[in-house]
Amino acid sequence: MADPSLLVLASLADGDKHGYAMMEDIERFTGMRLGPGTLYGAITRLEERGWIRVVGADERRRPYRLTAEGRRHLNAQLSSLERVVKTGLQRLKPI
Amino acid sequence: MRTLLRLVARLYPAKWRARYGPELDGLLDDMTPIWQDVLDVAKGGLQMQLRHSVVSLAVLFSIVGAGVAMLVTLTLPTQLIARGFVSMQPRDTAADPLSTLRTTTFSGDQLRSVLDAHNLFPSDGGHREKRLRDSIRLEPVSKNALRVSFTYPDARTAQQVTWELEVLLANTVRANTLLTNTALSRVIYEYPNTPPTAEGPHLLAFVATGLLGGAMLGMMIGILWQQTRPST
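First to last, the sequence lines map onto chains G and A. Under the working numbering, read the first sequence as residues 1 to 95, first letter to last. Under the working numbering, read the second sequence as residues 1 to 232, first letter to last.
Treat the hints with care, as some may be off.
To be verified - Calculated Cβ distances over 10 Å to all of chain A for the following chain G residues:
1. 15
2. 79
3. 87
Unchecked claim - Residues on chain A that point at chain G, a partial pick, calculated with CB under 10 Å:
4. 4
5. 5
6. 9
7. 20
8. 22
9. 25
10. 37
11. 39
12. 42
13. 45
Since the hints were derived computationally from the structure, they do not count as laboratory data. Idealized CB from N, CA, C, for every residue including glycine.
For reference, chain G alone in the conformation it holds in the complex:
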C-alpha cells in the first residue's frame, strides 16, 4: 500500500544505504519486501528528482544519501500522512 519511493526516503532518513541495505531495512520496518525492480524504479525516480544522491565509488554497492530537498519532501509527506492517520484513528474511536 505504501509508495516505494516514500519507503526509500524513510529508509535513508537515518543514514546512507546501498540497494540491499535499503531492501532489508524496509522489510524490517514495514514487514513488506520490495522486489529489486520496484526498489530500483523508486531509486531512479528519486535520483532524477534530486531527492537522493550517490555517495561512494563502489559501483556494485553504491550507497545513496538523502539530499536536503529530499529531506524536506519526506518531512512534508510524513506530516501529511500523520494528519491522515490521526484523523482516521480518531474517527475510528467509539462515540
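Add chain A to chain G, keeping to what the hints say.
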C-alpha cells in the same frame, strides 16, 4: 534463479543499464531471490522502457503494427478485377444515352439475381448485396461508353459477373431510350478480360499503415505514461 533474473534485467533500456546495471547485479548477488522477483524485474524493465524512450516504444509498436498488418493481408481474400466496357451509339448524335446511368444504379432485384446465379460472397450473410455493390465500379470513359469493373477472389467468376453487369447496363439504357424515343443505332460490348494477377490486398499499403499506426500508438502510450507516472 539469479541467471534468469539477470536475463530478464536485459529488458531495461541500455542507458538505464549503463547507470544502474552493476548495482542491480550487486543486489541480485546479495539477496535471496524468489520467483516473484522475476515478474518484478520484468515489470520494472518495461516501465523504464516506457519512461526513458518514447522513440524506442514507437519503433517497437510500429514493428508490431507492421507484423499485424502483414498477417491481416494474408487472411484477406485476393482481389482480382475483371474489366469490360459498353458503348452505346444513339441515332441522334445529340442524345446522351448514359445520362440516366450517372444518377441510377443497379436495382436490388438485378443484384440479387446476379448474387444467386453465382452464389457470390457466401460468407457475408445479410450483407451480400452491399458487398456486391461495393465490388462494382462504373466509370464513364467517353460520352457514350462506360467501363464496368468487378472485384472478386475468383478470376472466372469476376469475368462472368462483369459480362452480366454489362448486359444489364445495356438493357437499362435500352429501356430508357425506348421511353424517351431516342433509339440506339448500336451497342458495342467488350467482353471482360480474365484478370491476370491479383491487384490486392496491397501488402505495402497495409504494412505502411501498420508501421505508421503502430508508431503513433507507441508515442501516445509513451507520452501518456510519462504524464501519469507517480509524482514521487
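Hints violated by the structure (listed by number, smallest first)
4
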